[in-house]
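> Line by line, the protein sequences give chains A and B. For our numbering, count along the first sequence from 1 and bump the result up by 894. For our numbering, count along the second sequence from 1 and bump the result up by 5.
Keep in mind the hints are simulated off the structure, nothing from the lab. Even glycine gets a Cβ: it sits at the ideal position worked out from N, Cα and C. Any given hint could be a false lead.
As the list claims (entries may be wrong) - Short derived list, chain B residues pointing at chain A, Cβ under 7 Å:
id	residue
1	Pro8
2	Ile22
3	Val27
4	Met38
5	Met43
6	Leu44
7	Ala50
8	Phe54
9	Gly59
10	Ala61
11	Phe68
12	Val70
13	Val80
14	Ile84
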Amino acid sequence: MDAALIPLLPLLVVGGTALLVIVLDLLPPRDRKGHLGVVALAGVVMALLVSLGLWGREGRAFRGMVVLDNFALFLDVVICYAAALVLLLSTDYLRRNDGERGEYYILVLLSTLGMVLMAAAADLIVIFLALELMSLSLYVLAGFFRGRLAAAEASMKYFLLGAFATGFFIYGIALIYGATGSTALDRIAAATRAGTRDPLLLVGLGLLLVGFGFKISSVPFHMWVPDVYEGAPTSVTAFIATGSKAAGFAALLRVLLSTFKVSQPDWTVLLWVVAVLTMTVGNVVAIAQSNLKRMLAYSSVAHVGYMLIGVVAGGALGAGSVLFYLLVYTFTTAGAFGVILLLERGRREAVDLDDYAGLAGRHPVLALTLALFLLSLIGMPPTAGFAGKFYLFGAAVRSGYIWLAVIAVLNSAVAAYYYLRVVVYMYMRDTEGLPTGPAPSFAGRLALAIALWGIFQLGLLPAPVLDLAQAAVAPLLR
Amino acid sequence: MVPESYYTALSAILFTIGVVGVLVRRNPLVIFMSIELMLNAANLALVAFGHRFGAADAQVLAFFVMTVAAAEVAVGLAIIVTIFRLRRRLSVDELSIMRW
Chain A
895 MDAALIPLLP
905 LLVVGGTALL
915 VIVLDLLPPR
925 DRKGHLGVVA
935 LAGVVMALLV
945 SLGLWGREGR
955 AFRGMVVLDN
965 FALFLDVVIC
975 YAAALVLLLS
985 TDYLRRNDGE
995 RGEYYILVLL
1005 STLGMVLMAA
1015 AADLIVIFLA
1025 LELMSLSLYV
1035 LAGFFRGRLA
1045 AAEASMKYFL
1055 LGAFATGFFI
1065 YGIALIYGAT
1075 GSTALDRIAA
1085 ATRAGTRDPL
1095 LLVGLGLLLV
1105 GFGFKISSVP
1115 FHMWVPDVYE
1125 GAPTSVTAFI
1135 ATGSKAAGFA
1145 ALLRVLLSTF
1155 KVSQPDWTVL
1165 LWVVAVLTMT
1175 VGNVVAIAQS
1185 NLKRMLAYSS
1195 VAHVGYMLIG
1205 VVAGGALGAG
1215 SVLFYLLVYT
1225 FTTAGAFGVI
1235 LLLERGRREA
1245 VDLDDYAGLA
1255 GRHPVLALTL
1265 ALFLLSLIGM
1275 PPTAGFAGKF
1285 YLFGAAVRSG
1295 YIWLAVIAVL
1305 NSAVAAYYYL
1315 RVVVYMYMRD
1325 TEGLPTGPAP
1335 SFAGRLALAI
1345 ALWGIFQLGL
1355 LPAPVLDLAQ
1365 AAVAPLLR
Chain B
6 MVPESYYTAL
16 SAILFTIGVV
26 GVLVRRNPLV
36 IFMSIELMLN
46 AANLALVAFG
56 HRFGAADAQV
66 LAFFVMTVAA
76 AEVAVGLAII
86 VTIFRLRRRL
96 SVDELSIMRW
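Okay, chain B solo, but in the shape it has when bound (with noise of 0.2 Å):
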């Protein structure tokens, strides 16, 4: 059987991927999948300690990210959706109207 600790070290990789990929790429959608691999990183933290306890709370804690993380989806899509119709096009470096 795979040893708890992979999984958790997988899902600290996973989690410096997501940061880094939030830093610096420039497309909205690009950082957001991003932000969705850091959420998913932890689902993955959660249920690998959940297996060492041997207790639910943290499998259901997952189910509840994973329900938060559409509802974001929901809401940060129809952003960028919002944008992207006054803009047509769509770069964070261009979300500079106002400055200092």
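Bound conformation, chain A alone (with noise of 0.2 Å):
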């Protein structure tokens, strides 16, 4: 093989999987879709595979607009395990709603090329094309259940407020290209350096913030968040939950400290306002919702901030600990909402609070999965979730920015209120009657024993991982 392909090995396979499943998708069964989501699961795991193989390699391709090192290569493990969860609780949930359609899958692939080109981009131009691939298939899988009302709601709001951030985005691209003569990320990290105090380079910089705002929903972006989680199919809006904001971050971390370094000063400030917001808003309203889909929504929102006080503190512990929690958060949350997913009765889905009243009586292992990735949420030990707050505000103290430690551990306690306010619905509530619902499907079973794992793993064992988050953000640290 070719060395130069090397750098796009990850993104050949999804995209190869992509194109493969485009024409398997032509030819018949007709009626039945499941054979494409298993060939879709073979290229993401491949995938996964391929990118844990070529850890350690650095390499560039398309002149330098595409990078090949351990950041890219640990964000594409993220994103493939979430792409392969979605996709493992996909296939019996879609034939259930009448929504087995071959465009699913290739829409999932396509998506996740998007992400995972998003994590390898070292221009502009290839993070906005990368971000657009993303998007416009997420915007379409959120309506995918075309005759509801509640998708093609939630997919009319993300699609209009996501088209607006993109042109905050591509508008503060035009401005640091006018500052700077350049729209590649070393070149522009170049010219701050040489001390370039363009004030278009300040106000690029703050539109591209918007841009990502908008992607990773921080406050005040976040008003998509909870009717597009909602009225979306539970599985994509699993996926819109782990893979979009893995590959948000990616760029974001890319952007802010290997090009940005210079003006540190000037957005770390404004990123620790965003931070205490995004949180705090978050968990206040998060409280309020009796919809579980709504109500991990705005919780989603709040782990955002948790996420942008490692990017506040930076350096390697701090954009490693950012890392090592989107990994945590991708098998938590994929893992909360293939509970919900597979608890659908019919076609309705157990969204609300009183659904869950006495359901360790009839599903005692959902119940106590469903309770132990809550407990994950709230940062309990031994889960995942603790090890990763841990590091975070372990990095935020170690940087000097005691308050947003302190701020963000009273969140985390007024965030307990609202996830064990479900435990106990399900435990000490009685069940009102309620009809069980069908037996989750192997594949269903599985994607939640592998999400288990993952908290657990991560959540006893957290060092090694953590190492490897650190050796990834080291080439944009250098």
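Can you join these two chains into the complex? Each is in its own frame, and there are hints to help.
What follows is the structure, given as structure tokens:
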């Protein structure tokens, strides 16, 4: 194989699988598409293994526009885990909702391709194209159940606000180009180091941050999150919550840490405020939710706030703990949405808090699984959520952001209330004669088992993975 | 010849009109047109800056932006048509079956 293609291997595997699924979709059988899910899953697992196999290698392709480094590879692993869990959960879910069409798997693979490309992009043009590839696929996936008004509404809101954010993003790129004469991240970094204090550059960075803010759903750009998470098919919600956030943070970290290192004092102050607002608004509003999908949506906003703490703290520990937390968050959130998805009865999703009353009596295993994921979201030892928060808050303290860590810990205490409320409903309320749902499919149980393995593996033995995460951010900090 | 700063000023004005349009208009189609205005403002700025630096990469990026805008139109109109089929009316104020 041509050595020039090696940096592109993870991209080629995901993209090639997407093309393969497009072709297979045209072949019989026409009425069953479950096999496409298996092919898509095989491709994603293959990309995961390729990324693990390439660990430690460095390379560039397309004249430096796409890079292969440990940072990109670590995020490839996170994104591929997210995509694999979502695909495992999807097949049976689509069949039960009469939504079994080949386009679903194609779109999931294409948005995965966009995410993987975003993690590897070293040029603002490529970041923009990857962001759009990911987003356009997700807009369609959000409205995949065409006959449902809630899905169409979610899709519309996601699309309009996402396209609005794209406008800010591309205008920011234009201004940065105007200030530095290049869109390549390393040439922009060289221009900033040379002392360009063009106001255009800072305005451009600000607009870029607005665009990123929408994609990672930080306050004040979080308005779309609850509606989209509620209206979209649950499997797609899980993908938006995990994969697209990981990709957004990937590009954000690369742009801020490696390219705009010189302006760090400027953006640190801004992100400090955004982090505090994001976690506080997310947690406070989540308390008022009685719909579990909406509650998890606001909780995901709060978790973005926690991760921004790591970006503010900076350095190998701060940025490394963001990557670690992204992996933790992927397992935990995909698992929690997975339980919601599997509990669905008929065509009605079990999303109201009352649907969970006495769940421990009807579905003891699923209730216990959901309780464990919620404990990980709270940050209880020995789950992964505890290790992730410990590293993030520890990084903040070590960088001297004591108050930020204090606010974050207080926020975590508030968050415990609404997560535990679900556990109380499941274990301490009587069953109100609700019928038990269908037994979860094998793929669904496998997805939950992988997510559970993830939160205990990362919770009991976090240090090796944190070392990998810190090694992954090293290329950015050079 | 028209100075380059005129172009960038015009692009800033167009961008602002686009942002205001998104925020105040209620019809999804008009909001969508305002977003297109924002993208084209960015294109104008890119082309003007590219002319200043005498480089082709910004002009190429402008083509990419147009392509992406076309893809967005395709997806966006499809979503709008889906909503219209279900609802027979079109205003973002009515997209409110989900609240809080």
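> Each hint should be assessed against the structure and marked as holding or not.
How the hints compare with the structure:
1. Pro8: 14 Å, violated
2. Ile22: 12 Å, violated
3. Val27: 5 Å, holds
4. Met38: The hint is violated - Met38(B) has no Cβ within 7 Å of chain A, the shortest such distance being about 11 Å.
5. Met43: This interface hint holds because 3 Å falls under the 7 Å limit.
6. Leu44: Constraint on Leu44(B) satisfied, holds at 6 Å.
7. Ala50: Where the cut-off is 7 Å and the nearest Cβ of chain A is about 4 Å from Ala50(B), the hint holds.
8. Phe54: 4 Å, holds
9. Gly59: 9 Å, violated
10. Ala61: 12 Å, violated
11. Phe68: Where the cut-off is 7 Å and the nearest Cβ of chain A is about 10 Å from Phe68(B), the hint is violated.
12. Val70: Hint on Val70(B): holds, closest Cβ of chain A at ~6 Å, below 7 Å.
13. Val80: 5 Å, holds
14. Ile84: Cβ of Ile84(B) sits 5 Å from chain A, so the hint holds.
Checked against the numbered hints given earlier, the structure breaks hints 1, 2, 4, 9, 10, 11 and satisfies all the rest.
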